[in-house]
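We have chain C; now place chains F, D and A onto it with these hints.
Residue-level listing of the chains:
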Amino acid sequence: MYKKLSAVLVGFISSLLLSFFVSSASAEEIRSMKLWAREQAAGPAPHTAALIIAQTLNELGLDISVNAVPWPQMADQVWYKRLDEDTWDLTMWQMVSRPERSDPDEFTYNLFHSSTAEKGYNFIGYVDPEFDALAEKQRVTMDPAARKVLIDQAQQHLADAAANAYLVHPLLNFAYDNSQFKDGSAVEQAGLGIKNIWTYLNIEPINGNNDLVAQSLDEIQAINPFFISGSTDSWITEIIWDRLLRIGPDGTPQPWAAESYNWVDEQTIDVTLRSGMSWHDGKPVTVDDVIFSFEAPMNAEIVPMYSPFVKNIESMESKGNNVVRFNLKSSNAAFLTSSLAKINLVPKHYYEPILQALEGTGNNAETIIEEKRIGSGPFKFVDWRQREQVILEKNSNHFNPPKVNRWIMKEIPNVEASLGQFRKGEVNFLTDYKGDPAVLAKIVEEDGDITLVKSIDVGFQYMAMNHRRAPFDDVNFRRAVSLAIDRDVMVNAAWAGNAVKAGSHVSPALTYYHKDGITEYETGLELAKKILADAGYTVKNGRLHYPEGVAEKH
Amino acid sequence: MFDFWSIIRRFLYMIFVLWVVATIIFFMFRLMPGSPLTAFIGTTFTDEQHDLLVKRFGLDKSLFEQYTLFLLNTLKGDFGLSFTYNKPVIDMIVEALPNSIILTLFSLIIAYIFGVIAGAYLAWKRDTLIEGVSIPIVLTTRSAPEFWLGMIALAFFSFQLDIFPSGGTSAAGVIYETTLSKLTSLHFYYHLILPSLVLALYLQGLPLLLMRSNMLEVMQEDFVTMSKMKGLSSWRIVIYHAARNALLPVATAFTLGVGFAFGGNVVIETVFSWPGLGRLLVFAVSSSDYPLAQGAFIFLTAILILMNFLADLMYLFLDPRVSYKTKN
Amino acid sequence: MLQIKDLSIHYVGKDYVVKAVDNVSLNLLKGELLGIVGESGCGKTTLARSIMGVNPQSAKIASGEILFQDNKILDAEDKLINLDYKWKDIAFIPQSAMNSLDPVYRIIDQMREILIIRGNHSKKSADKRSEELFNLVGIEKNRLKDFPHQFSGGMKQRVAIAMALALEPKIVIADEPVTALDVIVQRQILDLFNDLRSKLNLSIILVTHDVSVVAYICQKVAVMYAGEIVETGPVKDILERPFHPYTMGLNNAFPDLHSTNDFLVPINGTPPNLINPPIGCRFKSRCPFEVSKCETKPDRLIKDGREVICWRTNDQSDLLAKSKKIETWESQE
Amino acid sequence: MIRELYKIFKENNYATVGVGIYIFFILIAIFADIIATNDPLRINFSSSGLARNLPPSWEYLLGTTSNGRDIFSQLIYGSRNALAVGLSAALAVAILGTIVGLISGFYGGWIDNLIMRLADIALGLPFLPFVIVLAAFLGPSSWNVVIAIGLLLWPNAGRIIRSQVLTLRERGYIESAKVSGCSNFRIIFMHIAPNILPLSFLYGSIAIGWAILTEASVSFLGFGPSDVISWGYMLQDAYSSQALSLKAYIWFIPPGLCIVLMVVAGFFISRGYEEILFPKIKK
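Protein chains in written order, with our numbering: chain C, 1 to 554; chain F, 555 to 882; chain D, 883 to 1215; chain A, 1216 to 1498.
I should point out that these hints are in silico values taken from the structure, not numbers from a laboratory. Don't be surprised by glycine CBs; every beta carbon is placed ideally from N, CA and C. Careful: at least some of the hints might be erroneous.
What the hints assert, rightly or not - Pairwise CB distance ranges (calculated):
#  : chain 1 : residue 1 : chain 2 : residue 2 : range
1  : D       : 911       : F       : 776       : 23 to 33 Å
2  : C       : 267       : F       : 731       : 48 to 58 Å
3  : F       : 609       : C       : 270       : 35 to 45 Å
4  : A       : 1472      : C       : 543       : 36 to 46 Å
5  : A       : 1328      : C       : 543       : 54 to 64 Å
6  : C       : 473       : F       : 729       : 51 to 61 Å
7  : D       : 999       : A       : 1228      : 34 to 44 Å
8  : D       : 897       : A       : 1401      : 37 to 47 Å
9  : F       : 715       : A       : 1328      : 51 to 61 Å
10 : C       : 543       : F       : 609       : 42 to 52 Å
11 : F       : 694       : D       : 1002      : 41 to 51 Å
12 : A       : 1252      : F       : 715       : 28 to 38 Å
13 : C       : 318       : F       : 602       : 27 to 37 Å
The shape of chain C in the complex, shown without the other chains (with noise of 0.2 Å):
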């Protein structure tokens, strides 16, 4: 008895060796994979499609599993444990539109280029010098022709890396009530769709309304010129308060609070301020109130949000007749867009002092409680009750001011309840729709009385791979995974066919910059596999293994 138990052991052991040197010998399985992703209720189109990513993937033979959980706890495993712990694998990722994000500089530069890949935008870990040597060149062209070709080359480079799994751009939905706005009074601006303040300005209320009611998902969370947080926020500072230039309408920037503005050199330009100008308070705005503008967030330790705008700016002076020169440390093609058109116009009068009060507490301007927010902008401030709804009213000095006599944004959130108050009129501008489109569609089928619109997004939706580790290390892996997601399906199942096909970063809402034919590309699982089985992938009991020799780095 004993003896057959020992004889039974034995085996069993040595057969547990041998399969031991027989796997290490072969090809290494590839491990389990978790996609991560947010939460159902974050966004149910992304959602929908990780878990047509991980269906799909899994019959490459990989081993993949949505992982949903919330914004930051997702943030925080593949942004800031990217140095330490870098477990992640997969993530689904999205980029949103803001007007700055009109020019492709941010995009192809932060999110891509070496410099950024430890700490910055650049999580997937992805470089490459030739690829930095295409960002650094279209950043310093300011030819728009010669700077288009970089572009372009850079979308195709990064496509040819399978950088990214990009996935759609999605349409943006916004609809109004067109019982209480004209129909087509609202402008629909490049790459944002009609919520931008171009509309804010135009849209004519009829039928005897006065107010735009606007909503959020979101919350908001401050209404500071000097600080960016929520996604919500900008739109209420940026029409409160002015800026040199704005993003029009077509997507490039124009002279706003600037009458215009002139290149001197490829360093220097002369902004000639809009005379007549005045803040609310009523005193008039000056060039000394422009330099503190842009002066304030070159100290990063009180205006930390706004200083990455300000840090190309060598110097600033007042050249007489309302002129500001700015003086730059270094040529940059995106410079109207990224500062001229991004920096707030503040009344030094105001802000001064408060500003000046703060040095040395250890708190920035983030942490100013408004007792006043005064502006120059097309509205003016008048109430905010936390989580349920900001109400401005129209600056009727102002050089363009608004049709409607209000501007409000209710906080609601959830989606449902938005849609049910747009309904009922409760709202009647929806700017904050990331529900089922499906279901917007067919609300304005039955309505009768809602114009939606829908616009290309400039931003993206995206299934990002981390570069560092492998499998991913390998573009033909990174490729054999991002092409063996059908598109069609995204576009037509996960966002319901509301979305077009994503091939780069730039979206095609930038008519002149993306790159035409980059969203032309085959996919499907056939053609994933073969790239897969041509670059030594195999596929045993189902699940896939690394090419001979190829072992996993931990």
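Below, chains F, D and A without anything else, positioned relative to chain C:
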């Protein structure tokens, strides 16, 4: 048990409990996955900005240092600045608190008035068809998830019939100058009706069943029989004697209910976009806003403990038997 | 004054009937102190409460009626013909005054309730009357403002007596009024009863399981067993020369001034189940003197102003002698 | 105990209905694999793309979700989660409450003091907020609810059981057991425990409803797991996929009803039980 010194002792003990809870919560937040800094991630977010944030949030200090600082500040009534709002947490709580209090009290009062009357009635109607039908219905209302009831109420009364507004404390553009003017505005109560009715529907089961069983119990008491012998009218017996006695535990349940409902309102506040303390907590937790989450949680705890304490005190005033024991 | 005629009360359950009171007749005279004595569960409390019209829902008057001063107050229709007699004519003193006072109101409020609502007093006269009553039962009047729980057991019983007397009733029914009290207080309360009876010319029905209490103050006694009155007559006669073996047994079970016995012995066994009461004499199974005749129901015998239902009344002196021997009760099994 | 149970079902229709409902759901949970017509998590495709928001059909008995998942199968599999969460919470409360009540009541002294202080702390924690924090702390999982209920609700059961133990301790047979040299362990578990089991059972059955409702609330607030099908998850999914606007009643009414049924069954049973335990209320 209720002389001056024991109340003081009880009070100190409450502070002890609060301290323990605060400590547990502090460490749970610090050790939970996710980082408050993720809210600031952006394409232009720089390393210097990151370091500044870490310093300002005090995250560069050791956990122990952070904890002692937190305790000291909390003792001073300073809950710190919210990471996301950059506002003093206490201000945000003070802003949200009246909304929560009104919603809680309003629905509890509706629930208890209805529950007490219906409970007494059902006790009176014991072993009748009415009772046979009502009890399962009451138990069912207590079994339905609040948010589900809220969803249905919202779909039906607001979106379909358009009788009530669908959320918030006011229509767009309505300004309440002060908290007082808000709390005295009819417009505010119009917005309060639907959420508090849904909440009351959920809450009425407890007082109803409690009142009913107390009534049944009290109706068996000798003094009720004596009242019958005295030739008093049924109404007088039921209301003046039976109900008055049966109300004692219900009153305590009400007080406990205030503390409890406060924390439980999170769900209703979310469905009806009600700017209360619960929603503040949910927001704070999901965005890792430690100071705000801690502040909101400690406040909810303090209210709960205080209400537990008040429930005991209440017995003192309502039941002469208890106060008698305390005097001796 | 109060006449109970052939009263039967049944508790009707789902599939059973408990004959709690079976064919009971009693007559209470003015100024009389009648004791109803028997073990617990014999129906005496049901009887007492039915006079007050407060038996539970399930209790049904199967037959008979109750007359107060020749007016019907209860009959087989189970309707209270005239509610107004309650408390005004007939008042009640409960066994446990502790639970019979509403704990959340002051005594004065409970007094006022009776006096104002039932007695048409004004608030002022009600307060005056309350003070009188407290004086009468021997409690300081400033204690009127106290809550029930602030009184001791004996004091509470006095409060209950004061309340019973509030509307100057002609009859007071006391259900085990002293059972919960210690012996010294018992005596005080009983003396108070006696005192009040003579002072106010009250009729009192005193329900008790304790023969010694009956012996102490009652003039007339009715012995109840298993829903029936087995023996009734003047106290002195019944206690000295009981006819019914059950009365003899009870006599042995309690210390008694009149008894010459120097032992106490309980009656073996328990009263019969009243859902199916035994045919014939109901006491036979516990009776030491059972004979074959006992299988049939004995006639009611009226003798020397006394009533008894027992086949063996003729052997009375013989049985009485035997009953005074402890072996008689111990051998019985 | 068994006799008592039998008595309940004989005399109490509520309890019978309650147990009937449980048996129904238990059967569904056991045979979920057979009853369900689809994998509840699989995303289904139709000829025209994703099988989203389909009306009921033979293939999808209650239609599909916005993600193309089968609602009927989710409903069926949801019973597993509900039972698992409900019953383990009941067990947690019953076991913790019983043990704590026994120890605290039997030993008294500093142990009792310590336990009662702990109970005060547990009762001082606001329930739902604590579950939310716990879910954020431990990561989304249905077990958070069970843990939270175990941690916070034992004092209710514990206190009642403790006072019951205190009265039992004074009874003669416990004294005689002590005198005859029984170990404390033996006295507690052989003599006292059987007498308080009905109470444990009562508090356990109350906890079932609590657990299921809390799980639903936590899921609704977005702190629940997204890869486990529960009725709470379904409601959350329906709500955030705008089933209300879609008028997809078939999506958000059934899971709510299932929750109601399951919870009310617990109430029915505990009510029947209460009548046995506290006969004073009974006729």
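- Query: Is the distance from the Cβ of residue 715/F to the Cβ of residue 1328/A consistent with 51 to 61 Å?
  - Reply: holds, 57 Å
- Query: Honestly, do residue 1472/A and residue 543/C meet the 36 to 46 Å range at C-beta?
  - Reply: Given range 36 to 46 Å: holds, Cβ gap about 42 Å.
- Message: Range first: 27 to 37 Å. Now tell me if the beta carbons of residue 318/C and residue 602/F are that far apart.
- Response: Holds, at about 29 Å.
- Query: Quick one: are residue 1328/A and residue 543/C within 54 to 64 Å, going by C-beta?
  - Reply: Holds - the Cβ-Cβ distance for residue 1328/A and residue 543/C, about 58 Å, lies within 54 to 64 Å.
- Message: Quick check: does the Cβ-Cβ distance between residue 543/C and residue 609/F fall within 42 to 52 Å?
- Response: Since residue 543/C and residue 609/F have Cβ atoms about 47 Å apart, the given range 42 to 52 Å holds.
- Between residue 897/D and residue 1401/A, does the C-beta distance stay in 37 to 47 Å? holds, 43 Å
- Query: Measuring from beta carbon to beta carbon, are residue 911/D and residue 776/F in 23 to 33 Å?
  - Reply: Holds: the Cβ-Cβ distance is about 29 Å, inside 23 to 33 Å.
- Message: Tell me if the beta carbons of residue 267/C and residue 731/F are separated by a distance inside 48 to 58 Å.
- Response: holds, 52 Å
- Lying within 51 to 61 Å: is that true of the beta-carbon distance residue 473/C to residue 729/F? holds, 58 Å
- Hint check for residue 715/F and residue 1252/A - Cβ pair distance inside 28 to 38 Å: holds, 36 Å
- Task: For residue 694/F and residue 1002/D, compare the CB-CB distance with the range 41 to 51 Å and indicate the outcome.
- Result: holds, 49 Å
- Task: Using the Cβ atoms, figure out if residue 999/D sits within 34 to 44 Å of residue 1228/A.
- Result: At 41 Å between Cβs, range holds.
In the structure shown, no violation is registered for any of the earlier numbered hints.
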